[in-house]
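S.K.: Here the protein sequences line up with chains A and B, keeping their order.
Anchor point for the first sequence: position 165 equals 165 in our numbering, and the numbering is continuous, going up by one each time.
Anchor point for the second sequence: position 153 equals 153 in our numbering, and the numbering is continuous, going up by one each time.
Derived by calculation from the structure, the hints in this document are not laboratory data.
Any given hint could be a false lead.
[What the hints assert, rightly or not] Once the Cα atoms are required to be at most 30 Å apart in a straight line, the calculated DSS-like pairs of lysine-lysine come out as: (1) A:Lys137 with B:Lys245; (2) A:Lys137 with B:Lys2; (3) A:Lys245 with A:Lys220; (4) A:Lys125 with A:Lys236; (5) A:Lys220 with A:Lys236; (6) B:Lys38 with B:Lys245.
Being a predicted model, the structure only gives us computed values, none of them experimental.
Each chain is listed here by its residues.
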Amino acid sequence: MSDGLDVLSVRGVSRSFRSTHGETLALEATDLQVAENDFVTILGPSGCGKSTLLRIVAGLDVPTSGEVLLDGRRIAAPGADRGMVFQSYTLFPWLTVQDNVCFGLRERGLPRAGQLEIANGFIAKVGLRGFEHHFPKQLSGGMQQRTAIARALANGPRILLMDEPFGALDHQTRELMQELLLGIWEAERKTVLFVTHDIDEAVFMGSRVVVMSARPGRIKLDRSVPIAHPRHYSVKTTPAFSALKAELTEQVRVEVRRGAELSAP
Amino acid sequence: MKPLTPVAPTARLLLGIAFFIVFVAGWSLATFGGYVSKTFLADPLTMVRSGYTLLATQGFGWDIGWTVWRVFGGFMIAAVLALPLGVAMGAYKPVEAFFEPFVSFARYLPASAFIPLLILWAGIGEAQKLALIFIGSFFQLVLMIAVIVGNTRRDLVEAAYTLGVGDRGLIRRVLIPGAAPEIAEVLRMVLGWAWTYVIVAELIGASSGIGHMITDSQALLATDQIIFGIIVIGLIGLASDMLFKLLNRRLFPWAQLGR
Numbered sequence: 001m002s003d004g005l006d007v008l009s010v011r012g013v014s015r016s017f018r019s020t021h022g023e024t025l026a027l028e029a030t031d032l033q034v035a036e037n038d039f040v041t042i043l044g045p046s047g048c049g050k051s052t053l054l055r056i057v058a059g060l061d062v063p064t065s066g067e068v069l070l071d072g073r074r075i076a077a078p079g080a081d082r083g084m085v086f087q088s089y090t091l092f093p094w095l096t097v098q099d100n101v102c103f104g105l106r107e108r109g110l111p112r113a114g115q116l117e118i119a120n121g122f123i124a125k126v127g128l129r130g131f132e133h134h135f136p137k138q139l140s141g142g143m144q145q146r147t148a149i150a151r152a153l154a155n156g157p158r159i160l161l162m163d164e165p166f167g168a169l170d171h172q173t174r175e176l177m178q179e180l181l182l183g184i185w186e187a188e189r190k191t192v193l194f195v196t197h198d199i200d201e202a203v204f205m206g207s208r209v210v211v212m213s214a215r216p217g218r219i220k221l222d223r224s225v226p227i228a229h230p231r232h233y234s235v236k237t238t239p240a241f242s243a244l245k246a247e248l249t250e251q252v253r254v255e256v257r258r259g260a261e262l263s264a265p
Numbered sequence: 001m002k003p004l005t006p007v008a009p010t011a012r013l014l015l016g017i018a019f020f021i022v023f024v025a026g027w028s029l030a031t032f033g034g035y036v037s038k039t040f041l042a043d044p045l046t047m048v049r050s051g052y053t054l055l056a057t058q059g060f061g062w063d064i065g066w067t068v069w070r071v072f073g074g075f076m077i078a079a080v081l082a083l084p085l086g087v088a089m090g091a092y093k094p095v096e097a098f099f100e101p102f103v104s105f106a107r108y109l110p111a112s113a114f115i116p117l118l119i120l121w122a123g124i125g126e127a128q129k130l131a132l133i134f135i136g137s138f139f140q141l142v143l144m145i146a147v148i149v150g151n152t153r154r155d156l157v158e159a160a161y162t163l164g165v166g167d168r169g170l171i172r173r174v175l176i177p178g179a180a181p182e183i184a185e186v187l188r189m190v191l192g193w194a195w196t197y198v199i200v201a202e203l204i205g206a207s208s209g210i211g212h213m214i215t216d217s218q219a220l221l222a223t224d225q226i227i228f229g230i231i232v233i234g235l236i237g238l239a240s241d242m243l244f245k246l247l248n249r250r251l252f253p254w255a256q257l258g259r
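With the rest of the complex left out, here is chain A (with noise of 0.2 Å):
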């Protein structure tokens, strides 16, 4: 693949944390391409760095080597060019839906109505449509992730980092919150990278799964998913979703027993 292509570039970008015991290596020096469009999950077992990667590519986090390129530019801050959905409940509680959604075109110096328009839109394709004037604290936490992602979304950026967003829901909610962002972006084309530690979700949502060690963390796959879109919750039970699916438990329960025995005293 071509640089020109890609929207985002990762580049042999490592990162040790330094401790009283130390130097520890949580990310070995990665490299990652995503294109235009692509949905890229990243699958691994806790404490791999996957999270530190993607905090690295928004801006929070600052690599120890190496460099993350969004547009063929080297990024040295969060930007609102690549919106963020977090696992923890991150919707500032002062706000009601609308002015979270409103948050990011706000700041842009957008006039109100246009700010409206485009939140209103998103909220509308969240299904939240009723709750513009709720506060966070009135919504579930699967509504308050969904408020999380149309604010992200309308924000209108070039890549969506998601960082196990539907890690802290319940089974039944996170499979209907993976139908609708899987909907939307279908609907809207956007580039994601999301991370997860479930594997129906990375193979579900991906169209490229990309598999993490254990710490200290290096890509050890890359594999498309060869699940044509639109993708319906059935596609869950098919030959080929099992089968990629059994190939990248194999590939994780390793690293998940790689890490245990690392971390054993």
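Given chain A, work out where chain B should sit, using these hints.
M.R.: For chain B alone, kept in the frame of chain A given last:
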């Protein structure tokens, strides 16, 4: 009764009033029953009667006005100056490192011990009273506001950055609105402390105010008037506290959710 089980609003109100009644009943028993000499403690009726005389014929309303003015004046000056400094300290760690040790030291200086100095510097006029309330509340406010702002949830800060805010936008649109309800609570609390300082300020070298009336009554052994003065302070304190609470609830409805 089970631990931590909430109580119904009406029951809460009734229970709260009930203790006032118990208190006055105990007081009445001690005084009307003759267990305590009138020289040391006036009975409730005498207190109410002399309170009425104070208000109706001796211009005690004027004293109350002065005291209220001093509390709010001194407190407002302290709050207006403490807010920007506290926010700056909470947001910018070098600013905090510069001021925090001194402010921590200054807040333990007993405000009332400054009275002799303040009289020397500012005389016995209004400036001295305002200065005392300022010293008593400013340093406390600064520290607490700095802590509140500094405790802003980091994930909210990160979310704001990924939505494109700059540093000034972060302070204006995340740090301040997020900290506002807690800051308002701190203002309410410190206003209560300001009430204790104002009386101390008026006990020495004042020609008006509730504290002044209390010192005058002391010379006359008028315990009824002293108690009336104390109760007036308590009532005004209670009223301003309730008003403040109501205002906070109106201003920050979101902070009441999920409590």
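S.K.: Now tell me, hint by hint, if it's right for this structure.
M.R.: Comparing the hints with the structure gives:
1. A:Lys137 with B:Lys245: With a Cα-Cα distance of about 21 Å, the restraint between Lys137 of chain A and Lys245 of chain B holds, given a limit of 30 Å.
2. A:Lys137 with B:Lys2: Status holds; Cα separation ~27 Å.
3. A:Lys245 with A:Lys220: Since the Cα atoms of Lys245 of chain A and Lys220 of chain A sit roughly 16 Å apart, the hinted pair holds (cutoff 30 Å).
4. A:Lys125 with A:Lys236: holds, 24 Å
5. A:Lys220 with A:Lys236: holds, 24 Å
6. B:Lys38 with B:Lys245: Measuring from Cα to Cα gives roughly 38 Å; hence the hint is violated.
In this structure, the one hint that does not hold is number 6.
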